[in-house]
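Asker: Based on the sequences and whatever the hints tell you, model everything.
In this text, residue positions in the sequence shown follow my numbering: the first is 20, and each later residue adds one.
Since the hints were made in silico from the structure, they are not lab data. Please note: incorrect hints may appear among the correct ones.
Unchecked claim - Computed cross-link-like contacts, DSSO-like style, restricted to lysine-lysine with a CA-CA straight-line distance of at most 27 Å:
id, residue 1, residue 2
1, K84, K73
2, K137, K125
3, K59, K81
4, K73, K59
5, K125, K138
6, K64, K81
Stated by the list, open to error - What follows is a list of derived Cβ distance ranges for each label pair:
id, residue 1, residue 2, range
7, R131, L176, 43 to 53 Å
8, N123, V168, 42 to 52 Å
9, K84, E141, 34 to 44 Å
Glycine included, every Cβ here is placed at the ideal spot set by N, Cα and C.
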Amino acid sequence: FIWNAGSPFQRGQQYVLSSLLHQLLSNRPGIALQLLQGEKDLQHKKYTSDWSRKTVEHILFKAVKLTQGSICIFVDGLDEIDEDDGGGLFDFMQQIGRLRSLPNIKLCVSSRPETIIKKHLEGIPGLRLQDLNAHDIRTDGVFLWARLVVTSIRNGLIKYDDWEMLLQRVNVLPDKLSELYNDMWKRLNGDTELHRATSALYFKLLL
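Answerer: Dropping the structure here:
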């Protein structure tokens, strides 16, 4: 899975592909031996810096093709890919497409409904989480607030906060919601000001 709290390297394409390769070879050690015999340069790679994204991608695809049987890959948080890494999300979605084209691969991915992701996955069977839990989770930020409450209280219990401190944690949570919304704005990257201006115009027209 890819998550926003990780470092830029952990949200990079090479890291994700390396993780998939490591999991595959851990379960198929015989393939690792075949790769070492067929790719002599691999024997000299000892550190992370010795690998390029292109090399990792090449070895991953070769490992998949050497695998007898089906492979199922789950990737959570596609939209968290670092946009400053190579071609960003657009390039990563192309790699996902190439993986999906292999005959022995089944992919299950999850993400926020970013436009670029929906375009690449258009026509592919999928489901929307909000359609499944709309009855249980209401609007007005209740779910977001509840999640923040649980996370804050959990952190407080880990730090042995007393009852008064736990209550204080709950009381200061409304400020955290604004930080969450700011993070949503930041996901728009370089278009933040453009979308903010457009949104402001819409609100003005409504008012």
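Asker: Straight-line Cα separation of K73 and K59 no greater than 27 Å?
Answerer: Given that 27 Å is the threshold and the Cα spacing comes to 16 Å, the pair holds.
Asker: With respect to the beta-carbon atoms only, verify the hint that N123 and V168 lie 42 to 52 Å apart.
Answerer: holds, 44 Å
Asker: Tell me if the straight-line CA distance from K64 to K81 falls inside 27 Å.
Answerer: Cα-Cα ~17 Å, so holds.
Asker: Starting from the range 43 to 53 Å, see whether the pair R131 and L176 falls in it by beta-carbon distance.
Answerer: violated, 30 Å
Asker: Taking only the CA atoms, is the gap from K59 to K81 under or equal to 27 Å?
Answerer: holds, 14 Å
Asker: Are K137 and K125 close enough, with their CA atoms no more than 27 Å apart?
Answerer: holds, 18 Å
Asker: Would you mind confirming whether the straight-line C-alpha gap from K125 to K138 stays at or under 27 Å?
Answerer: holds, 19 Å
Asker: For the range 34 to 44 Å, tell me whether the beta carbons of K84 and E141 fit it or not.
Answerer: violated, 27 Å
Asker: Is K84 within 27 Å of K73, Cα to Cα?
Answerer: Given that 27 Å is the threshold and the Cα spacing comes to 17 Å, the pair holds.
When held up to the earlier numbered hints, the structure conflicts with 7 and 9 and fits the remainder.
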